[in-house]
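Student: Chain by chain, the residues:
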Amino acid sequence: MIRFINASKRYSSGFDALQNVNFHMAAGEMAFLTGHSGAGKSSLLKLIALLERSSRGQVIINNQNLAKISRRRIPYFRRNIGIIFQDHQLLFDRTVYDNVALPLIIAGFSHRDIGKRVRAALDKVGLLNKEKKYPITLSGGEQQRVGIARAVVNKPPLILADEPTGNLDPELSAEIMGLFRDFSDVGVTVLVATHDLALISQLPYRMLTLKNGKLINDGLPVL
Amino acid sequence: MNNNVKKRHNQIRPGLTTLLGSYFLRHIQVFFYSLGQLSRTPVSTLMTCMVIGIALALPTGLHTLLKNAQQLSGGWESTAQISVFLNRNIRTSQAQKLKSDIQNWPDVISVHYISREQALIEFQELSGFGDALKALNTNPLPSVFIVKPKLSSTSDEQATQRLLNKLRNLKQTDKAQLDMQWVRRLYAIMNIVERGVLILSFLLALAVLLVVGNTIRLAIQNRYKEIVVMKLIGGTDAFIRRPFLYTGFWYGLFGGIIAWLLVSFALLSISQPLEKLTMLYQNQFELANISFLTVLILLGISIFLGLAGSWFAVGRHLREIEPQ
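One line per chain: the protein sequences are Z and A, in this order. Heads up: the first sequence begins at 1 in the working numbering, then just goes up one per residue. Heads up: the second sequence begins at 1001 in the working numbering, then just goes up one per residue.
Think of the hints as simulated: they come from the structure by calculation, not from any bench. No residue lacks a Cβ here, since even glycine has one placed at the ideal position from N, Cα and C. There's no promise every hint is true.
Covered stretches of chain Z (chain A as the covering partner; in silico rule of three or more C-beta atoms under 8 angstroms from a C-beta of chain A) [claimed, not checked]:
(1) 72-78
(2) 106-112
Here are some of the chain A residues that sit facing chain Z, going by a computed Cβ distance under 10 angstroms [claimed, not checked]:
(3) Thr1018
(4) Gly1021
(5) Ser1022
(6) Leu1066
(7) Lys1067
(8) Ala1069
(9) Lys1231
(10) Asp1237
(11) Phe1239
(12) Arg1241
(13) Glu1322
(14) Pro1323
(15) Gln1324
In silico EDC-like cross-links for lysine to aspartate or glutamate, where the CA-CA straight-line distance does not exceed 16 angstroms [to be verified]:
(16) A:Lys1067 <-> A:Glu1286
(17) A:Lys1134 <-> A:Asp1107
(18) A:Lys1225 <-> Z:Asp87
(19) A:Lys1148 <-> A:Glu1117
(20) Z:Lys155 <-> Z:Asp113
(21) A:Lys1225 <-> Z:Asp93
Produce the entire structure from the sequences given, and follow the hints as far as they go.
Tutor: Set out below in structure tokens:
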């Protein structure tokens, strides 16, 4: 599902965000991406979502070489990826329902389909009763769950999460991680960038560790 | 197990018929959504539309006035006539004979003879100098032939000039003049005015384009975050562009309607004093209001300008917004 072959990212400032990164994630696999801030976690996720393009090497997602995707095709490519952000990226002038419905509206689903799928997604994250609320009235944990519902509403085969528990207390964080595990259990590929080692070191999932743009460790945590 | 996983993970996509049906539905939704967005800020929307309306009303109003002037003067060209003033010593019988001679010329349609006595009566009636004329012992007016030249076309200037010279050279003629010179001059002036209106229209259309462009640019900036989110979750440029284009459409439509109303009211308000004026000239003239076709063209142009303005703004600024 995700394959990096000697992928490097150098910004125009000359800063090497990623250097010769190699790894492969099979479809349905779940992994954590860790490292100190500035180690290159965000850059790696950006390469996958085509927010940035690699300077050298190749990134292959879902059997597509990203170098071959033209700018015009990027929106269609992104619809296959559910992205979850630390700051949620919700639209505050729209209700929870409208926020979650946005990917479906963009993809052109019918009105009836949208209703069904949005409620299913909200049900999954336990916010079915908040669909008419505005995001600003929700707690941080609830807002993050709205973000997750939006990311999974069109059932993408790949979910990326950038510090999804960054602002949450341990209990809520564990809850969010539980959601990701559920998605993984039904075959979605999940890659979560986090520096919350205390949380993930207890979980039996693969861990990719970045340091100064290099992949220095790839394996299961030592329990 | 693997199979099972695959089946569950075929990503869901809407079907083709759903896509086609929903495509038009989306357009209609965005059409009204953008209208709703505008109605949320009625004052600034109205101000923008007023600016567009006033900018468009000016050339439209001038165009309509010009059309009226052309219509008013349009009949004059066909009434081109040559007044031939005869020597005062010509007697009526001689004049009658000359009249029938001239009538037989190939380039003459008709000759109307006004005797000295008739001319005097007419002059007394029309000029208001009747009493002054009574004080004179003799009739100061000459007899006149009103000669209508045969014109193959209104621009047949040379033929008219030849006829004029021929009439001038008659020994019975005191003076012959073409009552057209001033109409020609008027036409020439109107041509210049028409050109001026055209240039003004062009400049004001450009202004409308810039006004809409700038308004849409601000709207894009206001919705920066929304655009970023749309791009992050796979919104195409066309999808993101659409509401802004429809916003431009609405600006154009409302601006055009305001221009129409402004011109109509302006014409209405000057029509009465104008009627009074033409009555003083013993003329019946009704100011034509802005025609249906002109309204259609006005609305078409204003909608086009709204769309074009927003298209430029969106094209310029949407690309600059990329999620970081």
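Student: Are the hints correct? Go through all of them and say.
Tutor: Hint-by-hint comparison with the structure:
no., hint, verdict
1, 72-78, "holds (count 5)"
2, 106-112, "holds (count 6)"
3, Thr1018, "holds, 5 angstroms"
4, Gly1021, "holds, 7 angstroms"
5, Ser1022, "holds, 5 angstroms"
6, Leu1066, "violated, 48 angstroms"
7, Lys1067, "violated, 48 angstroms"
8, Ala1069, "violated, 53 angstroms"
9, Lys1231, "holds, 7 angstroms"
10, Asp1237, "holds, 8 angstroms"
11, Phe1239, "holds, 6 angstroms"
12, Arg1241, "violated, 12 angstroms"
13, Glu1322, "holds, 8 angstroms"
14, Pro1323, "holds, 6 angstroms"
15, Gln1324, "holds, 7 angstroms"
16, A:Lys1067 <-> A:Glu1286, "holds, 12 angstroms"
17, A:Lys1134 <-> A:Asp1107, "violated, 39 angstroms"
18, A:Lys1225 <-> Z:Asp87, "holds, 12 angstroms"
19, A:Lys1148 <-> A:Glu1117, "violated, 22 angstroms"
20, Z:Lys155 <-> Z:Asp113, "holds, 13 angstroms"
21, A:Lys1225 <-> Z:Asp93, "holds, 11 angstroms"
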